[in-house]
Each structure stands twice: as C-alpha cells, then as structure tokens.
Amino acid sequence: MLAENVITVDKLVKVFYSRKKEGVRSLFRKKEEIVAVNNVSFKVKKGEIFGYLGENGSGKTTTIKMLTGILTPTSGSARVLGFVPWERKNEYLKQIGVVFGVRSILFWDIPAIEAFRFYRDVYEVPPDDFEERLEYFDSILNVKKLAKKPVRKMSLGERMKCSLVAALIHYPKIVFLDEPTIGLDAVSKEAVRDFIRDFNKRHKLTVMLTTHDVLDVEALCTKVILLDKGRKIFQGTIPKLKKSYLGYKILYVEYNKIKNKPLLESVLRMGRLIGRGTNWVELEVKTDGRLPKTVAGLLKAVNVVDLDVKEPGLDRLLVKVYGEKK
Amino acid sequence: MARKFLAMMRLEKEFFTAYALGAFFNILVFPVYLAVYYFLWSYVYASASSGMPMEFNALLFYYGTVFFVNRLVPDRGFAGSLARAILKGRVNSRLVRPIGLQRQLIYSQISHSIIGAVILLPTLVAAFWFFGRGLPVDVFSFVLLLIPAFIISFLVYSVLWEIAFWTEHIRGTTGAFQYIIRLFSGSLIPLSFFPGWFKSVSGFLPFEFMAGLPARALLGEIGFQHALVLFGIGMAWAGLLYLLTRFMLSRGLKRYSGYGV
Amino acid sequence: MRIRYYFRLLRDIIRIRFAKVKEYPADFLTLFITVPAYLLVTLFFWHTIFSHVRVIAGWTLADVVLLQAFMQLGFVFWNIMYVFPEELSDMIISGELNTVLSKPANPILYMMLLYFDVVNGLWNIPEAAVYFIAAFWLGAQVSLTGLLAGTFLMLLGVTITSVIVFLIESLSFWFGRTNLLDLFYRAYFTVVDYPLAVFPLSVKFLLVMFLPVAFFTTGPALVSLRDYPLTGVVGLFGLSLLVLGVWFLAAWIAWKAGLKRYEAYGS
Chain A
16 MLAENVITVD KLVKVFYSRK KEGVRSLFRK KEEIVAVNNV SFKVKKGEIF
66 GYLGENGSGK TTTIKMLTGI LTPTSGSARV LGFVPWERKN EYLKQIGVVF
116 GVRSILFWDI PAIEAFRFYR DVYEVPPDDF EERLEYFDSI LNVKKLAKKP
166 VRKMSLGERM KCSLVAALIH YPKIVFLDEP TIGLDAVSKE AVRDFIRDFN
216 KRHKLTVMLT THDVLDVEAL CTKVILLDKG RKIFQGTIPK LKKSYLGYKI
266 LYVEYNKIKN KPLLESVLRM GRLIGRGTNW VELEVKTDGR LPKTVAGLLK
316 AVNVVDLDVK EPGLDRLLVK VYGEKK
Chain B
4 MARKFLAMMR LEKEFFTAYA LGAFFNILVF PVYLAVYYFL WSYVYASASS
54 GMPMEFNALL FYYGTVFFVN RLVPDRGFAG SLARAILKGR VNSRLVRPIG
104 LQRQLIYSQI SHSIIGAVIL LPTLVAAFWF FGRGLPVDVF SFVLLLIPAF
154 IISFLVYSVL WEIAFWTEHI RGTTGAFQYI IRLFSGSLIP LSFFPGWFKS
204 VSGFLPFEFM AGLPARALLG EIGFQHALVL FGIGMAWAGL LYLLTRFMLS
254 RGLKRYSGYG V
Chain C
2 MRIRYYFRLL RDIIRIRFAK VKEYPADFLT LFITVPAYLL VTLFFWHTIF
52 SHVRVIAGWT LADVVLLQAF MQLGFVFWNI MYVFPEELSD MIISGELNTV
102 LSKPANPILY MMLLYFDVVN GLWNIPEAAV YFIAAFWLGA QVSLTGLLAG
152 TFLMLLGVTI TSVIVFLIES LSFWFGRTNL LDLFYRAYFT VVDYPLAVFP
202 LSVKFLLVMF LPVAFFTTGP ALVSLRDYPL TGVVGLFGLS LLVLGVWFLA
252 AWIAWKAGLK RYEAYGS
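Residue numbers (my numbering), protein chains in the order written: chain A, 16 to 341; chain B, 4 to 264; chain C, 2 to 268.
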C-alpha cells in the first residue's frame with residue numbers, strides 16, 4: 016500500500032520587506048523586497064525523514080514557519096495532514112511538534128519535569144499515557160533523572176534532550192526540527208539521532224529536518240530537498256543527489272614501495288589529487304570509466320598495502336553545489 | 004580606550020536609530036509629563052494654606068530639570084537588564100572581552116546618556132523658556148553636579164544588579180529601592196517641601212545627588228562655590244560606592260555559574 | 002470555549018509559579034521589603050502635601066489614601082493576570098512568539114497563562130489592606146456596596162489599561178522596538194496617583210480616553226464614597242464599558258493585522 020502524502024506544498028512564496036539603513040536618514044528608509052521562499056513545491060509521505068538543506072538564508076526556516084502556521088505565505092498553497100497550516104486550527108496544532116534549535120520551550124528557572132507536565136495538559140495527553148511515554152523517552156534519552164534538574168543548570172545537550180521530549184510528549188504525527196543538533200557534542204548528537212530514528216520507526220513519525228550537519232542528514236534522511244536563495248534546486252534521495260552533482264569517487268591507496276615512479280605520476284594525473292604522503296595518495300576519480308584504469312595503473316606502479324574506494328561525503332557535495340553557484 | 008568607547012557609542016546610536024519611532028516619542032513625553040505637574044501643582048498652590056517653599060515657576064522648571072537628569076543617568080532599567088543577563092548567563096561574552104565589565108557598562112551608559120542629552124536638550128530649553136526665565140539659572144553648577152549624579156546613579160544601581168549574583172532575581176529589592184530613591188532624590192517633590200528632620204536624614208544619604216541637587220543647582224539655589232563643595236562630597240560618596248561595588252562584583256563573579264547558552 | 006482545558010493549564014501555571022518560589026526563596030522574601038518601603042514613601046508624600054493644603058479639588062487626605070488603596074488593589078490583579086501584554090513586544094522581536102503560535106490554544110489566552118503570576122501580585126495585598134485601613138482611620142466615609150462597585154470599576158480600569166498596553170506592544174509587528182510602552186507607563190504612573198479633579202476638562206478627557214486612570218483609581222474611590230450619586234456611578238460604568246469597547250476593537254484589529262505581518266525575527 017502506497018504511503019499517503021502528509022505534506023503537500025505547491026508554489027509557495029514568501030516575501031519579506033526590509034528597510035535600508037542610512038544613518039540619520041533611517042527615518043525615511045526605503046523598503047527592500049527579500050524573496051525568502053520562491054515558488055517551492057514538494058510532497059512528503061507519511062513516515063519519511065525528510066532533509067531540507069541549504070545555505071544560511073536559503074529559506075529553510077521560513078518554510079518550516081509557514082508549515083507550522085507561524086508565517087502566512089505571500090502566495091502559494093500547502094496542506095499538512097489535510098489542514099492549511101496558517102489557519103492554525105487547534106486540531107492541526109495538536110498533531111505537530113516543533114523544535115527550533117537552541118530556542119528552548121522549557122521553563123528556565125525550574126526542573127524540566129514541570130514543563131513536561133505543562134505540555135501534557137496543553138496537548139491533553141491522558142495521565143497514564145504520559146507516564147508511559149516518559150518511560151519510553153527515558154529508555155533512550157535518560158531524561159527522568161535529568162528532568163528533576165532546573166533547566167538553567169543543564170548543559171546544552173541536556174536541554175536539547177528535554178526540549179525534544181517536551182516537543183514530542185503528545186506523540187505528534189509530524190515533527191519539524193529546525194537545527195536540532197546545533198551546538199551539541201558528538202555523543203549528544205548521536206543520542207538525538209538514535210532517538211529520532213527509533214521514534215520514527217515505532218510511531219511512523221514524519222520528520223522534516225533542517226540542519227547544517229551533514230552527518231544528521233546522512234544518518235537520518237530518506238529524502239532531501241536542496242534550496243538555494245529560496246528556490247528548490249534538487250529533490251530526491253541522497254544517492255541520487257550524489258550522482259547528480261558529483262560523478263566521482265574517492266580513491267585512497269597506501270603502499271610500501273614505489274615500483275614505477277613515472278607510471279605513478281602519470282596515473283595520478285588521471286584524477287584530481289586531494290592529498291599525498293610519503294606512502295599514500297588520495298584522489299578524486301570520475302566514474303566515467305577512468306576508475307578501473309586508475310586502479311589498474313596504481314597496482315602496477317606501487318606495492319599496494321591498502322586500497323579504498325568510497326563515495327564522497329555530503330559535505331563535499333554541498334560545498335561543490337553552493338561553491339559552483341558562487 | 005577611546006576607540007573602545009567610540010565603538011560602544013556607535014553601537015548605542017545604531018540601536019537608537021534602528022527604532023526611530025521610539026526616538027520620536029521620547030521627545031513627545033516630556034511636555035506631557037510637565038503639563039501634568041503644571042495642573043496638579045497650580046491647584047495645590049491655589050489652595051495652599053501656608054507659604055510654599057518654592058515659587059510655582061521655579062517648581063515647574065525644577066520638575067523639567069529632574070526629568071532631564073533622570074533620562075541622562077542610569078536607572079532601574081539598567082539594573083534590571085543586568086540582573087536578567089546574570090540569570091541567563093549572558094554576561095559570559097562580556098567577561099571574556101579585554102576590557103573590565105564595569106568599564107564596559109559605564110561606557111555603554113555614557114553613550115546612552117549622550118544620545119539622551121542630545122535628543123532631550125531642546126525640551127529642557129523649552130522648559131526654561133516657559134518657566135525658567137527670570138530665575139538665576141546657573142549652568143556651570145548644573146553641569147558640575149551632573150558628574151556625581153551620573154556616577155552615583157551608576158554605582159547605586161550597580162549595587163542592585165550585583166545582588167543578582169546571590170538572589171538571581173532583584174525584583175523586590177529594586178522595587179523597594181526605587182521608591183526610596185524617588186523620595187530621597189527629590190524626584191517626587193523637592194526636598195524643601197519636607198520637614199526639617201527629613202532634610203537632615205537625606206543629607207546623610209547619596210540619593211539627592213542623583214537628581215535633586217543638579218536640578219537645584221540649575222535653578223541657582225546652590226551657587227558655584229557650594230556646588231564645588233557638593234561635588235567633592237558627591238565624589239566621596241562615589242568612591243565609597245565604587246569600593247562596595249568592586250567588592251560585591253569580585254565576590255559575585257566567584258559565585259557566578261555562567262549558565263549555559 | 003474549552004473552559005476546563007484553560008483551567009487545567011491555569012492550575013499548571015500556578016504550580017509552576019510556586020515551584021519558582023522554591024528555587025528563589027530569598028528573592029521572594031525580598032518582595033516584602035517593598036511593602037513597607039512603598040507605604041512609607043507614599044503616605045509620607047501625601048502627608049507632606051496635605052501639610053500645605055487641607056483639601057485638593059474637594060479631596061481630603063482620607064479620600065486620596067482611599068484612591069491609593071484602590072490602586073494597590075488594582076495592582077494585585079494587574080500583576081497576576083495582565084503581565085503578558087508587556088512581554089508581547091519582546092516576543093515579537095525575538096521570535097519567541099513562534100512557541101506560542103505553534104500551540105493548540107488561543108495565542109492570547111496562552112500568553113496570559115504563561116505569564117499568570119500569583120506570587121507577583123501577592124505583595125500588593127498587604128499594601129492595599131494597609132491603605133484601606135488608613136483611609137477608614139482617617140475618616141473616609143464609604144459604603145460596602147460602594148466598595149464592591151468601586152472594585153468592579155477598578156477591574157474594568159485595569160482591563161482597559163492592559164488592552165491599551167497590548168495595542169501599544171502590537172505596534173512592534175510593524176515598527177520593531179518602539180519604547181512607546183515605557184513612555185505610556187511614565188505618563189500613566191505620573192498621573193495615576195492623583196485625583197482627576199485637579200485637572201481641567203480637556204485633560205480629564207485625555208485621562209479618561211488615553212490614560213484611563215479615571216477607571217483605575219479616581220472612579221473607584223469616588224464610587225465607594227457614600228455621598229456619590231447613583232447617576233454618577235452608572236455614568237462611570239457606562240463610560241468605562243464604552244472606552245473598553247473602543248480600545249478592545251483597536252487592539253483586536255492590530256493583533257490580527259500584525260499576525261499576518263509577523264516576520265518572526267530570528268530563528
């Protein structure tokens with residue numbers, strides 16, 4: 016059975032107006048139009064973890080704010096779970112969860128458990144379900160003991176874990192995560208990713224994720240959209256993204272002896288050298304038939320100890336995509 | 004140091020011009036304030052059963068000056084915002100700058116005061132035009148006593164926000180002090196309206212320096228020589244308050260948790 | 002209107018407020034320093050004024066102290082229920098409004114609940130009590146029905162003021178930080194202490210429409226006094242409802258238009 020579309024966005028546009036500052040003349044400022052989201056269309060199926068990527072200012076957060084009803088678009092339409100988000104119906108808002116990066120939804124002065132209880136009542140979660148859900152969150156994030164600490168005394172990672180619990184305590188159908196791992200250490204990031212994966216699997220949670228951390232994307236997302244200056248420039252899976260924009264692989268060779276130096280130098284020219292040491296080389300090689308010839312040449316030129324062919328990381332891809340556009 | 008001061012002043016100017024509507028309304032409020040006191044006190048003066056310690060025009064000009072001075076010097080808002088910064092751990096970025104925290108704060112307040120003075124000076128001139136003409140106005144004494152007014156206000160409110168290192172909220176303490184300051188500074192009504200014992204008590208406190216004394220100086224009630232003496236006393240108070248704030252700050256920073264981002 | 006739902010949230014918020022008191026017990030206790038300090042200052046101030054005059058525009062010291070009592074009673078309700086309008090501008094500018102708008106509750110009621118602070122208003126209760134006792138001791142001639150009517154009128158006055166504050170803060174949707182509220186409060190709290198009778202008619206009109214102190218302090222005190230005519234009471238109530246209606250409509254329009262315009266500064 017085909018999964019239903021839970022998010023349908025059609026030609027969404029959002030224009031902001033900003034006034035140019037000109038010192039004292041700022042009292043008579045001109046208005047400047049900024050098109051933050053420019054004719055973006057996409058669909059998201061139930062249960063997908065969907066990455067929404069782009070440089071700073073590309074329109075990611077603005078799109079999330081429109082889909083969570085915070086902003087009204089300038090034009091275009093969207094339906095999330097059958098609702099128009101900016102009508103902000105309670106029936107819709109009860110089914111979504113939102114986490115805005117470092118902006119905490121907890122109460123600063125007091126233990127996080129008080130915020131959990133508060134949101135239990137905001138979202139009308141039955142008390143028995145609340146206890147059960149806390150147990151579940153505790154099993155993955157170890158929050159029960161943590162939640163007794165005042166929020167102001169928590170580290171950033173601890174606060175993010177508790178913010179996630181507060182945002183998901185009502186088991187929403189969709190969660191919008193805007194930079195959920197920003198500022199976290201590697202261990203905390205992994206804990207958050209594990210949690211999202213587990214929650215998605217158990218409850219068929221649809222996740223719309225914006226992040227600058229490519230490891231978040233590679234670890235979680237089944238599909239990605241790339242934005243550039245408000246426009247959608249790509250939609251699809253990560254392998255398809257890499258194939259569309261890269262078309263090369265990374266070849267790493269470690270050796271203990273050079274058998275034929277001129278041959279080695281000639282083979283290295285078949286690709287783009289990324290790094291070189293006394294006994295290793297790493298280069299980009301296009302996947303247009305050159306790769307097997309390069310490997311064969313290297314096997315002849317050196318005494319190979321280790322050889323690795325891997326796909327380039329998403330970070331390289333994004334640098335290439337946005338770097339080329341500049 | 005001058006470059007750092009100018010950088011902070013530019014920051015205040017940017018902040019100010021970014022919200023132009025606020026600047027415009029800041030100019031408007033002064034005549035509203037003065038008009039209220041005009042009507043209130045004209046009724047009191049008409050009904051007064053005994054001689055009043057000040058001429059009506061002088062009283063109105065006094066209020067105009069007190070308002071102007073209160074906008075120049077640090078106030079409760081300064082203490083409140085610093086206390087909140089301590090609570091939220093937002094003092095961290097200030098602490099790692101290569102310039103002391105108190106110096107940063109005083110530079111910021113000075114630039115705020117300069118901007119405030121520029122904006123509000125025309126209103127003080129207008130108050131003088133309507134009520135102050137004919138009075139023995141003494142600008143030199145006024146300007147001289149503005150210096151301890153600013154410093155003492157800064158230090159008094161610094162004591163208040165530094166309490167936040169221990170209580171983490173200062174709502175109650177600043178509330179109480181605000182009322183006491185308003186009374187003893189002469190912002191509520193000139194101290195000459197109060198009985199003699201009250202005036203004696205206020206003479207042992209620094210609060211009149213914050214508003215009442217500069218206002219009386221401008222009215223010509225003090226004289227330059229007396230103003231010089233008062234300046235010395237004011238700076239002595241400033242010295243004592245400075246020692247207190249330094250002590251509290253050093254102890255407070257040791258306690259400071261610098262709660263996370 | 003989901004009344005039970007909002008009462009449940011209110012119960013949570015009250016619990017949260019008392020949890021904060023447990024976190025900052027020293028701070029809570031210092032609130033009580035303000036009570037005697039404020040009493041000392043204002044009673045002394047009025048005593049000094051009335052040492053120069055016996056009556057101000059028909060108001061005796063007892064009547065003025067009664068006016069102060071209603072002001073303090075008004076602050077009890079203001080500090081408990083109506084703190085949220087003051088926070089609106091900050092919420093708009095910082096983008097914190099996002100966390101309100103994404104909740105399945107009416108945004109205004111939700112903000113009201115978030116900032117509902119029982120503890121904040123507690124310290125005004127002893128102040129109001131002392132003022133009422135002082136007023137009776139000084140000889141204010143009041144009736145019980147008058148006191149009740151005065152309290153109700155004062156509540157209307159507090160509500161009108163809060164609606165105006167809300168409207169002012171809504172201007173941040175268009176103009177960012179305006180500092181207009183600071184100016185409104187400076188003007189408001191300059192006038193609120195004094196009986197309206199001292200001002201000429203034109204100023205009284207302004208103080209009824211734009212700085213509605215008439216319904217916060219002067220009106221309630223007048224209505225409580227035994228000799229205040231019934232027609233005057235009815236007139237004051239009618240006028241307060243009219244003023245409330247006008248400002249409520251303006252604030253509602255500004256809020257709706259502002260939400261559409263909301264640019265959600267920051268992330």
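Wrong hints could be hidden among the right ones.
The list that follows gives simulated cross-link-like pairs (lysine-lysine, DSS-like), each with its CA atoms no further than 27 angstroms apart [as the list claims (entries may be wrong)]:
1) A:K244 - A:K159
2) B:K202 - A:K168
3) C:K261 - B:K257
4) C:K257 - A:K160
5) A:K272 - C:K23
6) C:K23 - A:K244
7) A:K164 - B:K202
8) C:K23 - A:K109
9) C:K205 - B:K257
10) C:K261 - A:K26
11) C:K23 - A:K58
12) A:K159 - C:K21
13) A:K160 - A:K104
14) A:K168 - C:K205
15) C:K21 - A:K160
16) C:K21 - A:K164
17) C:K257 - A:K163
18) C:K23 - A:K26
19) C:K21 - A:K168
20) B:K202 - A:K163
21) A:K163 - C:K23
22) A:K104 - C:K23
23) A:K159 - C:K257
24) A:K164 - C:K257
25) A:K104 - C:K21
Honestly, the hints are just simulated from the structure, not real lab data.
Pairwise hint evaluation, K257 (chain B) against K205 (chain C), where the allowed Cα distance is 27 angstroms at most: violated, 54 angstroms
For a C-alpha distance cap of 27 angstroms, please report whether K257 (chain C) and K160 (chain A) respect it. violated, 42 angstroms
Is the Cα-Cα distance between K159 (chain A) and K21 (chain C) 27 angstroms or less? Satisfied, since the Cα-Cα distance of roughly 20 angstroms is no more than 27 angstroms.
Between the alpha carbons of K104 (chain A) and K23 (chain C), is the straight-line distance 27 angstroms or under? violated, 37 angstroms
Assess, step by step, whether the Cα of K257 (chain C) is no farther than 27 angstroms from the Cα of K163 (chain A), and give holds or violated. Given pair K257 (chain C), K163 (chain A) is violated - Cα atoms ~39 angstroms apart, limit 27 angstroms.
Below or equal to 27 angstroms on CA atoms is what counts here, so check K261 (chain C) against K257 (chain B). violated, 47 angstroms
Check the hint pairing K21 (chain C) with K164 (chain A) against an upper bound of 27 angstroms on the C-alpha distance. holds, 13 angstroms
Given the hinted pair K23 (chain C) and K244 (chain A), is their alpha-carbon gap at most 27 angstroms? violated, 49 angstroms
Does K202 (chain B) sit within 27 angstroms of K164 (chain A), going by the straight-line distance between their CA atoms? At roughly 51 angstroms apart (the allowed maximum being 27 angstroms), K202 (chain B) and K164 (chain A) break the hint.
Starting from K202 (chain B), check that the Cα of K168 (chain A) is at most 27 angstroms away, please. At roughly 47 angstroms apart (the allowed maximum being 27 angstroms), K168 (chain A) and K202 (chain B) break the hint.
For K202 (chain B) and K163 (chain A), compute the direct alpha-carbon distance and say whether it is at most 27 angstroms. Given pair K202 (chain B), K163 (chain A) is violated - Cα atoms ~53 angstroms apart, limit 27 angstroms.
Please work out if K160 (chain A) and K104 (chain A) have their alpha carbons no farther apart than 27 angstroms. Roughly 35 angstroms separates the two Cα atoms, so the pair is violated.
Hint violations for this structure: numbers 1, 2, 3, 4, 5, 6, 7, 8, 9, 11, 13, 14, 17, 18, 20, 22, 23, 24 and 25, all remaining hints satisfied.
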